[in-house]
Amino acid sequence: MLQSGSSAPLFSLPRLDGGDWRLERGKSALLVFFETDCPTCRLAIPYLNRLAQALDGKAEIVGISQDGEASTRELIVRAPVEFPVVMDRDLNVSREYDPQAVPTLFLIDAGGKIARTSVAFDKAGLNAIAAEMCAAIGLEPFELAGGHDGAPDTKPGCVSRHLEPRQELKIESDPAASVNLYSERGPRASRVELDDGVDPYEFCYEAGFADPLPVIPPTAERVDRMLGATRLPPDQIVARVPPNYGMATVEKIAANAVMAGCKPEMMRVLIPLIRAACDERFNIHGVQATTHFAAPLVIVNGPVRHDLRFACGGNVFSNVTRANSTLGRAFQLILTNIGGARPGELDMSTLGNPGKFSYCIAENEEENPWAPLHTEFGFDRGQSAVTLFAAEPPHGVSEHNAREGRTILKAISRALATVFSYRFCFGWEAMVVLCPEHVKTLDRSGFAKDSIREFLFENTGVPVKEYEEDGGEGTQFKQLYQRATIDGEECYRKFARPDQIRIVVAGGTAGKFSAVIGSWATGPRGSQMVCYPVD
Amino acid sequence: MKTILVNPLDETPRAAGRPAPRLDSLAGKTIGLLDISKWGGSFFLDYLEKALKDRYGVEQVVRVMKPTFTKPAPDAVIDQFVKAECAAVIEALAD
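Protein chains in written order, with the working numbering: chain Z, 1 to 535; chain A, 1 to 95.
Any given hint could be a false lead.
[Stated by the list, open to error] Beta-carbon label-pair distances, calculated as ranges: (1) Z:193 - A:22: 36 to 46 Å; (2) Z:232 - A:94: 42 to 52 Å; (3) A:46 - Z:477: 30 to 40 Å; (4) A:22 - Z:20: 53 to 63 Å.
[Said to hold, decoys possible] Okay, derived cross-link-like pairs now, SDA-like style, lysine to any residue, Cα gap no bigger than 20 Å in a straight line: (5) A:38 - A:74; (6) Z:155 - A:76; (7) A:2 - Z:235; (8) A:2 - Z:191; (9) A:71 - Z:476; (10) A:2 - Z:224; (11) Z:155 - Z:197; (12) A:38 - Z:480; (13) A:2 - Z:199; (14) A:2 - Z:275; (15) A:66 - Z:243; (16) Z:478 - A:41; (17) A:71 - Z:427; (18) A:71 - Z:193; (19) A:38 - Z:224; (20) Z:263 - A:7; (21) A:71 - Z:275; (22) A:29 - A:56; (23) Z:155 - A:74; (24) A:71 - Z:127; (25) A:38 - Z:349; (26) Z:410 - Z:487; (27) A:71 - Z:281; (28) A:38 - Z:346; (29) A:71 - Z:525; (30) Z:58 - Z:155; (31) A:2 - Z:193; (32) A:2 - Z:346; (33) A:71 - A:95.
[To be verified] If you want the ones that stay clear, here's a sample from chain Z, every Cβ over 10 Å from chain A, calculated: (34) 9; (35) 159; (36) 193; (37) 200; (38) 205; (39) 247; (40) 251.
Quick caveat, the hints were computed from the structure, so don't treat them as lab data. Note that beta-carbon positions come from the ideal geometry of N, C-alpha and C, so glycine has one too.
Isolated chain Z (complex conformation) (with noise of 0.2 Å):
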């Protein structure tokens, strides 16, 4: 690649919109190579169009694009690109600059060397080249790429295409030699035209689009319902869901949700959901595929529990209304349908979990003298959110004698100590479930969600003598556990932090009755806990 100092060749090339772009001595100018299917392309764009902006003209920004036209003018609609793009049709400027990835930019300076070169994602690079720029033109100097944006301060790009090998790859009539993996838009759904006779309930079952119980027929009709309550396009990718990676268009997605007997506006909490259930960090690959109890948890938090008329009340696990059963239900057709984890198939679990026909709950907020649980994600209260939890099913814990909040959880950090398996600590997270009568006495005791996080997190251990008679499951690790007293016994620690215990209020307002929900393997080894923000 070439380095600062080196004279820049010059060239021309074709401009999309027409004409040729030069490049020719005593002309400044900041070269920015690129390819269209690139994610740390796509990343670089908006501040590249910021600097642009700033520049208004006095000092030049080139996209160079080593793709094809059609992509690129795709690209440019959708990022959008707001500089001047150029294209590289035979790669001849990119192998005589040589960059090794994209994005990669060269600022030439008036006398024609490279002043300056940034490779990949790079906010120190951005800002340095942004700080050059402005001072050629006698510009105040700015903050190009802030250090708090969201974005990554690196992000490795991709190989630039000079170097990729030739395309071997790609063999007629082969159709994912043609399927861009970075694509947002997939194709339509196919129609199933059902013969006269033919009951399209019993054909929705034969056909393998339901789980066993009977679905409501995903008709053209009502798919276009679903569709008239989003104003994503038909054909747009929401996620790729693991473990197949199928694409989960919002046509698709509507069609399950019908399936699963949706109301049009679930639409607004699915497309999240589904942006959520396919974020790395919830890995819902492993999820969906272990043997475990695993099944995801969804848990509604914000106004649109009340928009949408989710259930946070009484029966909050169960069969109690629409919203909760029909949101719960579509997420795992889709997971099934579009993802391919079938029973048998690719979902392997041993006794399987209740929740996989349905797992969702709201927050009951109204309930809650803390901070419900989207806060901690760092929403507003105000804001809709949508949280996940690889959870196995609830273990409930009955106190109906407890005067003080003290004694409540005592009886909870008991039921936890036997999440994942009694003797295995550190590896596991916990979801408690408190119902409303108990965070009353809580309260009244002085209890705070942190409070509750902390007291849990001393009070729950396993004793020591446990791990006496070796070989039990758990016992390998005790070395790594951590050893505390615990109402006089010695014991090993539950769990590694405080932070592993998560607090929800949920349930009726009669009744002392609250859960414990154990995880699958937790951090980034195993699955996350996610929280997407709801419109």
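Please arrange chain A on chain Z, whose structure you already have, making use of the hints.
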């Protein structure tokens, strides 16, 4: 009027995969063993490695471990088998 349904199943275009040609024999071959990093994996794979060498005349065994059993093998893991020119890879786990 005929009923028209919208297909709710996955229709993602994919390359048709073909299984690799089967090996005639293991003798003299380099075989990869992929440990998915579950707790009991090394005991099982130690046994398997010994059996491959003693009973089937495998020349060399290349052992690679995934960083976590919960996720697909990253490219860096697969590349190690490619670099070692393994004739076949056995993926194994034991709790």
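Inset, instruction - Please confirm whether residue 205 (chain Z) is truly not at the interface, meaning its C-beta sits more than 10 Å away from all C-beta atoms of chain A. - result: holds, 13 Å
Inset, instruction - Assess, step by step, whether the Cα of residue 71 (chain A) is no farther than 20 Å from the Cα of residue 281 (chain Z), and give holds or violated. - result: Given that 20 Å is the threshold and the Cα spacing comes to 11 Å, the pair holds.
Inset, instruction - Would you mind confirming whether the straight-line C-alpha gap from residue 29 (chain A) to residue 56 (chain A) stays at or under 20 Å? - result: holds, 10 Å
Inset, instruction - Decide if the proposed pair is consistent with the structure: residue 263 (chain Z) and residue 7 (chain A), CA atoms, cutoff 20 Å inclusive. - result: With a Cα-Cα distance of about 19 Å, the restraint between residue 263 (chain Z) and residue 7 (chain A) holds, given a limit of 20 Å.
Inset, instruction - For the pair we were handed, residue 71 (chain A) and residue 193 (chain Z), check the Cα-Cα distance against 20 Å. - result: violated, 39 Å
Legend entry - Pairwise hint evaluation, residue 199 (chain Z) against residue 2 (chain A), where the allowed Cα distance is 20 Å at most: holds, 11 Å
Inset, instruction - Sort out whether residue 74 (chain A) lies within 20 Å of residue 155 (chain Z), counting only the CA atoms. - result: holds, 18 Å
Legend entry - 53 to 63 Å as the expected CB spacing between residue 20 (chain Z) and residue 22 (chain A), which holds or is violated: holds, 57 Å
Legend entry - residue 232 (chain Z) paired with residue 94 (chain A), Cβ distance criterion 42 to 52 Å: holds, 45 Å
Legend entry - residue 478 (chain Z) paired with residue 41 (chain A) [C-alpha distance capped at 20 Å]: holds, 19 Å
Legend entry - Straight-line alpha-carbon gap residue 38 (chain A) to residue 346 (chain Z), limit 20 Å: With Cα atoms ~19 Å apart, residue 38 (chain A) and residue 346 (chain Z) stay inside 20 Å; holds.
Legend entry - Holds or violated: residue 38 (chain A) to residue 480 (chain Z), with C-alpha atoms at most 20 Å apart: At roughly 17 Å apart (the allowed maximum being 20 Å), residue 480 (chain Z) and residue 38 (chain A) satisfy the hint.
Comparing the model with each earlier hint shows violations of hints 3, 7, 9, 11, 14, 18, 19, 24, 30, 32, 36, 37, 39, 40; every other hint is respected.
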